[in-house]
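*Asks:* Residue numbers (my numbering), protein chains in the order written: chain A, 180 to 504; chain B, 156 to 433; chain C, 1242 to 1581.
There could be a bad hint or two in this list.
[Said to hold, decoys possible] Covered by chain B, according to a simulated footprint, are these stretches of chain A (three or more residues, beta-carbon under 8 Å): (1) 230–244; (2) 271–278; (3) 312–323; (4) 337–346; (5) 354–366; (6) 434–444; (7) 447–460.
[Unchecked claim] Going by beta-carbon spacing under 10 Å, a handful of chain C positions derived as facing chain A: (8) R1250; (9) G1293; (10) Y1296; (11) P1313; (12) P1314; (13) F1315; (14) E1316; (15) L1548.
[Unchecked claim] With a straight-line cut-off of 30 Å between C-alpha atoms, the simulated DSS-like cross-links for lysine-lysine are: (16) K175(B) / K335(A); (17) K214(B) / K422(A); (18) K214(B) / K403(A); (19) K496(A) / K214(B); (20) K312(A) / K214(B); (21) K175(B) / K422(A); (22) K403(A) / K422(A).
Honestly, the hints are just simulated from the structure, not real lab data. The beta-carbon is built from N, C-alpha and C at its ideal position, and this holds for glycine as well.
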Amino acid sequence: MTARSQPHPLGQAEPQVRPARTRSLSRRLSGWLYGRRGLFLLILLLPPLLWLGVVYVGSLFALLLNSFFAIDPFSGMVVPEFTLATWAELFTLANFDIIVRTVTMAAVVTVAAALIGFPLAYYMARYAGPRMKAVLYLGVMLPLWSSYLVRLYAWKLILAKEGILSWAAGATGTTWLLDGILGLPVIGGPSLSVSYLGMFLVFLYIWLPFMILPIQAALERVPKNLLDASSDLGARPGLTFRKVILPLAFPGVVAGSIFTFSLTLGDYIIPGVIGASRLFIGQAVYMHQGTAGNIPLAAAFSVVPIVIMAIYLTAAKRLGAFDAL
Amino acid sequence: MRSDRRPPADGRPRAGWGLKAAAAFTVLFLHVPMAFIVLYAFTTEDQSYVFPPPGLTLKWFAVAWERQDVWNALWLSVQVALTATLTAMILGTLAAAAISRARFFGREVVSLLVILPIALPGVVTGIALRSAYGLADIPFSFWTIVVGHATFCIVVVYNNALARFRRTSGSLIEASMDLGADGFQTFRYVVLPNMATALLAGGMLAFALSFDEVIVTTFTAGQQTTLPIWMLSELVRPRQRPVTNVVAVFVIAVTFIPILTAYWLTRGSETTADAGGK
Amino acid sequence: MAAEVRFDRVTCAFGPVKAVDDVSFEIAEGEFFSLLGPSGSGKTTCLRMIAGFQYPTAGHVYIHGKDDTRLPPFERDVNTVFQDYALFPHMTVADNVAYGLMVRGVAKAERRRRAEEMLELVRLGGYGDRRPVQLSGGQRQRVALARALINHPRVLLLDEPLGALDLKLREEMQTELKQLQRQVGITFVFVTHDQTEALSMSDRLAVFNQGRIEQIGTPAEVYDRPQTAFVAEFVGTSNILRGPVTKRLFGVEGPVSIRPEKIVLRPDNEPAAGPDTGALATIAEVTFLGAATRYRVALAGDEATHLMVTAPNVLTAGQALPSGTRVRLSWGPETWQVLA
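Required output: the full structure, derived from the provided sequences and hints.
*Replies:* So, in structure tokens, the structure goes:
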């Protein structure tokens, strides 16, 4: 910094360098808080904690509490007295069926989502250039965030008896194949829109993005040089994939499966709109609280997916899934 | 998968055709169904979902435009989404600010609490709120819907805000205070401008999430009809297929705009919504 | 001169860890004072306590005679240049510089004028409308300086401000900083882990180790009269001798430090030039350094003890003594130092 001929700013006789500090309220308050960081954090946290703690957790407790009440069979009113009758009602064979059906569907959807989501996630993470990656990322993000109902509606159009799939089968002369599939026990039905197969397709379509993104995130974290090292050591590509990439991607798959499993488990709209008339957990909850007005039973029923998810999350945590979220 | 060849000239490995085909299939699977919705909005057929459409017409847009029930549902949805988003933005930002500022006991509990409303199946959140309203004798209203929506929207804002807080150098706040700005001035001149795009992105996604929500809403709305509830009733018992088709196209457009904006606002800086499920 | 900054038995603990442990020192008005030490030695925590970002858990911090121990940063007559510069990315360079005036309610035209003056001072005139991201590392550094000086602080704190710059730019900035300090005449407190930087720039420096001050003094005092083994080794390089060998060579008990360049080394066959202090040794290793040659020698009669000796290449034309040569080491009476 060369010395300048002009007087430098700090040397100037400034009339009033620093206006007399106004000790305003905000200044005093923030000064007081500055030395009390714990208190400041508490003030920040209080509104969200109150909201989530009181409104949300409080509601969950209300739910639990309700499950220990029962409905008066004559008046249809909830009797606020402690009883285990509602829980006893839950553990009936018919309800057990519902739970098995729902868990099976959630598991099948999860496995299928992992299978068809993996190649895209793998391509995005390893091969796509920056521009392609952005396009694909958006291509997964848009369906993830866009309207659930509209996307369900699209499948109602596609699966309808007079819809696109039937038309496509007719046009390609494969109607016999479609009829054959629909004729299969359990998964078949009078038309795709009222079969488990159709329901499965819709679940898969709606929750697939939730599987792709965590897998991609996990794969992105596989260092490139690790793969190079593996192939330098003479591993064939297939071996590198099996021994290096797959184990490292697995936490991502588990993370994604948390979403697909949980979302399928709790959904009641898809089984209501597409599918056979047999109940799923979500539908049972909805039905008991709605038409039957039996909130205690609905509450008890909704504890089931919470318990299942708690077991699932504990297992997932062991598998390291939370690092990939 | 025989795709891991040595890098060609551009330094990036090339994918095998099998992998490319599988990836392309998944992308098509995700997007083609949406295209059919758009096509059906123009069909002349109004009694079934027949494919291919017997003819194309624009008249259903005019019909839908005249429908007061659709407008009412839309207006309710917009009001709910705006109110819930605003609430979630305040609560989510506060939580993110606290979590990012210090490592304290119970930090994980707060994170869990924020994520819980989306981690648990929507039907659980719905019935829980419904039970609480029932126990507390709260009648259904605009606010019972908003409370539910705000609760699960917090996490979206929280994730975006937290990512930005972590990326923003902590010394910016110290620099501001060092130069004589008190806490409020620092918030106004430094924190808020730096957070703006992240908050806006979070708000956009929260809006999209709330605008579209149906599972929790069915438990908290009572007799009120939001746009998704209107659509759901049409899905269960189709009465006006052509109008539903038009509304579906409209919903696609309305939700795509905030999603794309949010992506654009945070592009290149942090992931927007990976962990922000529905 | 009055003490501009005074630490009176200051301790700062984070849980069980004492980052700063019972430290007292004074910094005089107008002084260029360095806090030197390895990372984690407590020097940055001390700086943060002067700035007010951190409050001590015990003791008092006085600024210009006033007890400011628990005064928030925005009430202190102290400004900081941050290690990462901490320029506000959403503001122009001029707005960054004028920030301190803006939050004090100075009118816009006045702010604009004063900011431009400050930018001139750091030789960035005309850069006011740019954004921080458009500037190089050295330029950002100057903006940070201008921003910190615009409030006319009593004390300017610099937290390893040159750490992010490359070597050449760093040396340039060292000179500029020193000139700037003379120009503006305020107290500079400079945190660094680079001992050459601290030696070349400071009027005085404090050497930190494990939360305590090992020694305070002028660069020459600290270099020539290190009081502890830590200082002797951290500031410059040193031979530290312990045990009976010190009695034989220096006639004292306790550890002794002697700098490699203070030892005169000549082949044993040459006649001694001065009073015969010194010892016989054998060259074990030779390293050519350009301006000097560094020898590692093993003491005769005490072969396990090795000493480093640097000899300037004044006369030799690249011809160092070969390894294995018997040499005589000698040193002047004031060149070595008994350590605490």
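*Asks:* Hint by hint, which ones does the structure fall short of?
*Replies:* 2, 5, 8, 15, 17, 18, 19, 20
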